[in-house]
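These protein sequences, in sequence, are chains X and C. FYI, the numbering for the first sequence is 1 to 280, going by this note's numbering. FYI, the numbering for the second sequence is 1001 to 1309, going by this note's numbering.
Rather than coming from a laboratory, the hints here were simulated on the basis of the structure. Honestly, I wouldn't trust all of these hints.
[Claimed, not checked] Going by beta-carbon spacing under 8 angstroms, a handful of chain C positions derived as facing chain X: (1) P1070; (2) R1075; (3) I1076; (4) P1080; (5) K1088; (6) T1090; (7) L1098.
Each residue gets a CB set at the ideal place from its N, CA and C atoms; glycine is no exception.
Chain by chain, the residues:
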Amino acid sequence: MMTIRAMTALFFFTISQMLRDAKFWVMGIVLLLPSVLALVIEHFAPPRHSLEPAWDLYHGLLQYMFLMGLVPLTCMLYGTGLIGAETESRTIGYLITRRLRRSTVILTRFVATALVLTLLCDVAATAIHISIMSGVNWQALAAHLGQFAAWSPMHDLTVYWCVIALGVLGFLAIFSLIGLLTAKPLALSVIYMVVFELIIGNVPAGARVYTLMHQLRVTAVGAIPGLKVLFALPPELTARLFSANGSGITQVLIISAVALTLACVLITVRELTPSKVARD
Amino acid sequence: MAVIELTQLSKWYGEVIGLNNVTAEIEHGITGLLGPNGAGKSTLMGLATGQLRPSKGGIRVFGESPWDNPSVISRIGYCPEGDPFWQKLTGFQFVVFLARMSGLQGASARRAAIDAIERTGMSANAGRAIRGYSKGMRQRIKIAQALVHSPELLILDEPFTGADPIARHELTNLFRELAAQGVHILVSSHVLHEVEAMTREMLMIDHGRIVAQGDVQAVRKSLLDRPHVIRVRVDQSRKLASQLVGWELVSGVSIPQPDTVLFETKSPEAAYERLNSTILSDGMNVQEIAAADESLEAVFGYLTHRESK
């Protein structure tokens, strides 16, 4: 019972810590940039006779700018500091000399952070949705819907909410682990992001199945009809990469669980001392 | 059973030795952990609170290893050295949060925090953000968080640093009071006099090794012939220096900086006592009273030298 009380205290403390920090509000503004961009594009776009430009902009922004860029970036900034920030400020001593095991400390902070970041990213995704949809005149386009007649932006937004939650879970787990591996986690995180997620995750090689980027894309493609067109790949490659009704949920959950388990092991065996410390 | 048992305990950081093959038992009551800067005091405290792992040998607190062991560390109240704070919190929020982290529930956590804050004399400032606290206030609020869950063992790393003479006196009384209630206390300092005001039991370490252990009077006897240099940072340095010159127990006085007086004495205890009353009666504004490091290093050098003989 006392452990649960301590976990609850840490959970809410982590959330309040995030909300008090200027970094959170800066990230909030950065995450709203795609929706501002969408508004600008919609404002200056010539009158449209098809839904296609809106569909392209919607999924282009959410896939390329948001899921492949801003969500991992946000998770990188928070995941690497999940324990590292407390270690550097030496406040970690207060957290690990109380009622909780070290692994419980990191898991509780992880859950609180993941929850806040998911909400933040989902709100930003909703802002993109509203920005684009506010510029679409459905009545005027009713006669020209063509292949987009069945497009349900609200359904797609719901899918993106879930994919974003999955992305936050996976990326936050990976970056939390990196945060415990090295004293300079941001450098290693950028290398991981560029080499593994952005390069390997985008080449048609077998290793891409181990990347979060690929699995998130597979999940989105499996749940949003016609989305595979967005990636403009040759048909045989598209068929190989995105099987019908495929989903990467299980793979993302496995990757997250492995990363979190390793993080729990590391925090249990490693001393948490700041990178520059006076030894007395 | 000893409260803390160290068995051939060593801790090193790369090539730097923090503790070197230390075997000792820390018994009930108050124990002073004395040593100059870099002696290994914080390392020993880090090991006792489960923040550091022994490189070799073992440490047991209440008969168990403290590393990642909440059943042991939840019985400890730890006051760290330095300034580790969530600066935006108020003192009250800080202590309440750590009370909750110790398993106390809403109202009882608040009650315990109010009580701990009151005991450390911080009630008037508890509603202010920690970032605006003076050094002395920070020390007091750190002690309050260490007390909040009524621990059986208090581990206090340099709790008097930055505290003015009145605060030192109050905190000393608080620690004595807690010890009388059955709380075991391990308190570190690099000032012999501070620890001596609380306890006769002492563990003196230098360069990661125990150089003396046991009754302070026995250790002190061997130090009688050594002069102690005391540094006072005060606004009326000349006035204080002119008074010190007239004291029999003072063998030398200097003003190395406009706000600093250094004086030498072979009776530091009596000198501290007289100094406090002089400062209070003359209304001087004191920023710091401390044993000058050089002198203390010399004391430990002396002990180390004696040990090696």
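Each hint, compared with the structure:
1. At its closest, the beta carbon of P1070 of chain C sits 5 angstroms from a beta carbon of chain X; the interface hint therefore holds under the 8 angstroms criterion.
2. Here the hint on R1075 of chain C is broken, as its CB sits about 11 angstroms from the closest CB of chain X, past 8 angstroms.
3. With 8 angstroms as the threshold, the beta carbon of I1076 of chain C comes within range of chain X, its nearest partner Cβ sitting at about 7 angstroms, so the hint holds.
4. Restraint check, P1080 of chain C versus chain X: the minimum CB separation of about 5 angstroms is within 8 angstroms; hint holds.
5. Interface hint at K1088 of chain C: satisfied, since its Cβ lies 6 angstroms from the closest Cβ of chain X, which is below the 8 angstroms cut-off.
6. Evaluation of the T1090 of chain C hint against chain X yields a violated restraint, the C-beta minimum of about 12 angstroms exceeding 8 angstroms.
7. The restraint placing L1098 of chain C at the interface with chain X holds, with a minimum CB-CB distance near 6 angstroms, inside the 8 angstroms limit.
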